[in-house]
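With the hints as constraints, model all of the structure from the sequences given.
Below, each chain spelled out in residue letters.
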Amino acid sequence: MKAVGARLPRYDGLAHVTGRTTYVDDVRAPGLLWTKALRSPHHSARILSIDTSRAEQHPGVRAVVTHADVPQNVYGHLEALGVPADEPLLADGEVRYRGQPIAAVAAEDEATAREALELIAVDYEEREPLFDIRLAFDPGAPKVHEWGPVFPHFGPHRQRRVRKGDVEGAFDRAHVVVEGVYRPGAIEHVPIEPQTALVVPEADGRLTIYSCTQAMYFSMGVVAQHLQLPLNRLKFVGGTVGGGFGGKVDTASETISALLALKAQRPVKWRWTREEEFLASSTRAPWHIELADAVTEDGWILGRRTLTLHDAGAYTRFSSYGLTKHAFHHAGAYTIPNVHFDGFVVYSNRVPTTAMRGFGVTSVSYAVELHMSRIAEVLGMDPWELRLKNANRIGDVTPNLVRLKDPSTVPVMQAAAERVGVELRPEYRAMSSEPRSGDLLPEHLVGNAGQTNGTEAR
Amino acid sequence: MTAARPEVLLPSSPEDAVRAFGDGTGVTVVAGGTIVMPDLTYGRLQPARALLLTRSGLDTITREGGTVRLGATVPVAALEDAPEPLAATARHVADVEIRAQGTVGGNLCAAPGAGAPRGDLQAPLIALGAHVRSTGAGGERTELVEEFLHNGSSEGRLVLEIEFDEPQAGARAALDRPHTHDYTALSVAACRGVDGTVRLAASGAAPHGIRLPSAERAYAQGGDAERAGREAIADATFADDALASAWYREQMLPVLVRRALTDLQETA
Amino acid sequence: MNLTVNGVEAELVSPPLATLLHALREELGVTSPKAGCQQGGCGACTVLVDGQPRRACLVPLGAVDGAEVVTVEGLGSLDGLSPVQAAFHERYAAQCGFCTSGMMIAAHAYIERGGTGERASILEALGGHVCRCTGYTKIVEAVGAAARGEVAPADVQADFDPQPGEPEILVKGAPA
Chain P
1 MKAVGARLPR YDGLAHVTGR TTYVDDVRAP GLLWTKALRS PHHSARILSI
51 DTSRAEQHPG VRAVVTHADV PQNVYGHLEA LGVPADEPLL ADGEVRYRGQ
101 PIAAVAAEDE ATAREALELI AVDYEEREPL FDIRLAFDPG APKVHEWGPV
151 FPHFGPHRQR RVRKGDVEGA FDRAHVVVEG VYRPGAIEHV PIEPQTALVV
201 PEADGRLTIY SCTQAMYFSM GVVAQHLQLP LNRLKFVGGT VGGGFGGKVD
251 TASETISALL ALKAQRPVKW RWTREEEFLA SSTRAPWHIE LADAVTEDGW
301 ILGRRTLTLH DAGAYTRFSS YGLTKHAFHH AGAYTIPNVH FDGFVVYSNR
351 VPTTAMRGFG VTSVSYAVEL HMSRIAEVLG MDPWELRLKN ANRIGDVTPN
401 LVRLKDPSTV PVMQAAAERV GVELRPEYRA MSSEPRSGDL LPEHLVGNAG
451 QTNGTEAR
Chain L
459 MTAARPEVLL PSSPEDAVRA FGDGTGVTVV AGGTIVMPDL TYGRLQPARA
509 LLLTRSGLDT ITREGGTVRL GATVPVAALE DAPEPLAATA RHVADVEIRA
559 QGTVGGNLCA APGAGAPRGD LQAPLIALGA HVRSTGAGGE RTELVEEFLH
609 NGSSEGRLVL EIEFDEPQAG ARAALDRPHT HDYTALSVAA CRGVDGTVRL
659 AASGAAPHGI RLPSAERAYA QGGDAERAGR EAIADATFAD DALASAWYRE
709 QMLPVLVRRA LTDLQETA
Chain B
727 MNLTVNGVEA ELVSPPLATL LHALREELGV TSPKAGCQQG GCGACTVLVD
777 GQPRRACLVP LGAVDGAEVV TVEGLGSLDG LSPVQAAFHE RYAAQCGFCT
827 SGMMIAAHAY IERGGTGERA SILEALGGHV CRCTGYTKIV EAVGAAARGE
877 VAPADVQADF DPQPGEPEIL VKGAPA
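Residue numbers (the numbering used here), protein chains in the order written: chain P, 1 to 458; chain L, 459 to 726; chain B, 727 to 902.
Just so you know, these hints were derived from the structure itself, not from any lab.
Heads up, some of the hints might be wrong.
Claimed, not checked - Straight-line alpha carbon distances no greater than 20 Å define the calculated SDA-like cross-link-like pairs of lysine to any residue that follow:
| no. | chain 1 | residue 1 | chain 2 | residue 2 |
| --- | --- | --- | --- | --- |
| 1 | B | Lys864 | P | Arg7 |
| 2 | B | Lys864 | P | Phe245 |
| 3 | P | Lys263 | P | Ala68 |
| 4 | B | Lys864 | P | Pro9 |
| 5 | B | Lys864 | P | Ala6 |
The structure displayed is predicted, hence computed values, not measured ones.
This is the structure:
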């Protein structure tokens with residue numbers, strides 16, 4: 001651990017301050033073509049026809065691609081993890097969000113590429129879109145996907161479930177039930193570097209792909225699958241990202257650029273505009289989280305019921321994974337022995353959502369912490385004391401049956417209180433992460449360590 | 459590239475600029491470029507002819523005998539020590555670098571709408587009773603700024619100069635913008651001329667800057683700032699946009715009018 | 727059209743309505759100013775035109791014929807950093823680095839016009855520049871340090887060698 005506490009210079013610092021860091025847009029390639037994508041103006045529509053012939057003939061245009069050019073058009077980001085594919089690279093037959101790419105053009109310059117888009121004729125039949133995921137379960141609600149309103153592949157279930165202990169009993173024994181609904185909204189990543197890809201077709205048949213991806217090997221796999229190319233035909237150059245924050249894991253520009261480069265046999269660059277970034281790039285998801293806690297008047301949380309709706313937007317991408325992480329943390333840093341959690345990945349006709357710092361967990365942390373403060377208010381209890389009392393300790397078992405060996409909730413809160421000048425009562429200042437005993441081990445937490453009470457935890 | 463390259467004119471004097479502009483048909487004027495250049499970059503504007511005013515000599519400021527004359531391409535930054543309320547408004551336009559590049563003429567001609575009111579300087583100029591001299595079809599003419607805007611004159615007119623008499627006092631009341639990246643959603647400019655008359659104007663209460671004659675009339679009868687604030691609503695055409703709702707603007711206009719008038723009263 | 731860029735005269739063939747940013751990046755290969763938004767809103771394209779900081783994405787080439795343009799490449803280099811560059815490196819003011827060029831040009835201009843490093847004046851001077859990585863704290867610190875002459879470029883360049891008492895640095899050099 002020689003590095004901890006040492007002042008290490010950033011290895012890329014000197015390059016940053018001398019303007020020598022090479023981002024994708026800075027790579028020079030002779031004979032470069034510029035790309036523009038035709039994006040759906042509708043939130044939900046059938047595509048009756050696409051005619052690119054006039055665009056193809058426009059002077060200066062070197063390649064136009066649609067779904068017909070893609071060897072494997074539908075590929076899922078998490079297919080390797082058992083999440084079936086549902087998203088086309090280029091729209092085929094329908095569009096499910098405004099901004100969804102339908103066709104792409106590579107031309108001698110940006111203005112020509114833009115003109116070519118005007119020459120692509122698409123015939124749409126608009127459909128009613130769904131924006132409010134709370135309405136997705138209503139029988140008459142607009143359908144985003146044919147199989148139903150939610151992602152249906154959580155094992156045999158159509159939601160992520162966590163069951164532990166006896167939630168009914170907990171609510172029967174509660175002195176108070178505290179309820180709350182929390183709805184953190186979508187957030188745009190807004191990296192200062194827009195999504196950019198540059199693909200150079202090499203003479204030996206390989207593709208050199210300059211990418212701003214945060215996940216090089218992952219993106220390599222995505223491109224290989226869509227284009228049905230063996231991995232050794234691809235050379236990814238990356239690692240220099242002008243801000244990602246989770247928004248550059250979707251391989252959003254590389255594949256289409258590669259497709260165009262193969263067709264035109266010229267280097268192709270696609271640099272998204274700031275407007276495309278706001279319109280078409282994925283966002284952090286909006287969530288709808290309902291918490292109901294069974295609480296005693298002296299501040300023990302006996303049980304929690306949680307219903308989470310996660311707005312995946314038009315396609316699944318990583319949403320099932322994000323929801324699972326969310327589920328792991330739905331008790332927060334606190335020990336709640338009886339839980340009932342249902343979380344749904346719900347589709348809407350919004351831009352597909354993706355990872356963003358703390359993916360899945362920030363939403364539930366936000367809800368849980370607000371809820372803890374709400375409980376304290378209802379009970380007339382100090383919010384620090386409520387938290388310290390219920391905080392994770394060694395030997396406590398989480399809702400997903402992790403037996404904690406080294407939680408740091410108590411010392412971190414005590415340090416935080418000191419930093420902000422909050423004086424804890426002696427009893428609370430004396431607390432530690434040591435296994436519960438005495439007053440900190442009420443009857444309902446006895447046996448909590450390691451036992452499942454015969455119920456499933458899934 | 460198949461799009462015909464625009465003809466770019468670079469006049470080197472005000473007279474040259476007038477000649478080059480002609481009746482304005484098919485001419486896109488580029489002053490500071492802060493509003494027009496993104497439209498060109500994104501292909502929203504494809505001019506046949508572009509008139510670059512960089513060297514046209516329209517960037518002088520003169521103060522003579524109580525009259526201030528601003529050339530069309532005077533940068534917004536140069537107005538930061540102009541008479542109030544022009545100075546305070548100028549200081550709240552964008553950031554240091556944009557203010558150095560954007561011009562008073564460009565700001566005066568900022569198109570309404572586009573999700574945000576961008577002609578911030580229109581309101582203080584109206585409150586100052588400023589006149590704008592412009593050229594175009596029918597030749598040169600001079601009119602009050604509020605008439606210039608009302609006639610839709612920013613289309614087909616080339617602004618040459620803006621002129622106003624230094625007021626006795628000026629005040630500005632506005633909704634604070636959280637950051638230099640935000641536009642001011644609503645602001646009120648108030649002036650007391652050398653003859654004692656009070657003029658009021660607002661930005662963000664209509665598609666472009668407007669005078670508030672109802673508020674002025676109410677204030678002239680008894681100096682009640684509160685009442686003037688209420689009357690101002692009649693002059694406005696509120697709309698929702700990305701910054702604020704029509705409802706919110708309607709709540710806040712009377713407050714800002716009252717504040718501007720009160721500040722004006724307190725200024726010698 | 728003629729420009730002097732970082733002291734070197736250049737004759738440009740880009741059309742007069744092309745942006746200065748386009749001319750610098752695509753025609754001259756000067757890539758430190760970045761295309762972050764092309765609307766003047768992010769500040770990443772900022773360069774000095776005749777000593778004044780300007781959004782290169784908003785400047786038509788025709789308006790700057792004959793001008794002197796300075797970009798980060800002209801502020802200093804690896805064997806001779808300017809005080810602003812040294813401060814930005816030493817104070818960790820760059821993370822992804824994409825906003826850094828514009829920030830440094832603005833900081834340089836701020837100091838040239840007498841900026842003292844007082845916090846509010848730095849925020850005012852750099853108010854048109856967006857950073858999504860750093861949260862601005864280290865940037866403001868670096869600008870203040872540069873304004874007060876607190877970072878000697880020579881010290882920063884020797885940074886890879888461990889100082890007496892400092893642990894051995896595990897990561898040397900720069901990536902390929």
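Hints, one by one, checked against the model:
no.: 1; hint: B:Lys864 with P:Arg7; result: 15 Å, holds
no.: 2; hint: B:Lys864 with P:Phe245; result: 19 Å, holds
no.: 3; hint: P:Lys263 with P:Ala68; result: 12 Å, holds
no.: 4; hint: B:Lys864 with P:Pro9; result: 14 Å, holds
no.: 5; hint: B:Lys864 with P:Ala6; result: 18 Å, holds
Hint check: no violations occur; every hint is consistent with the structure.
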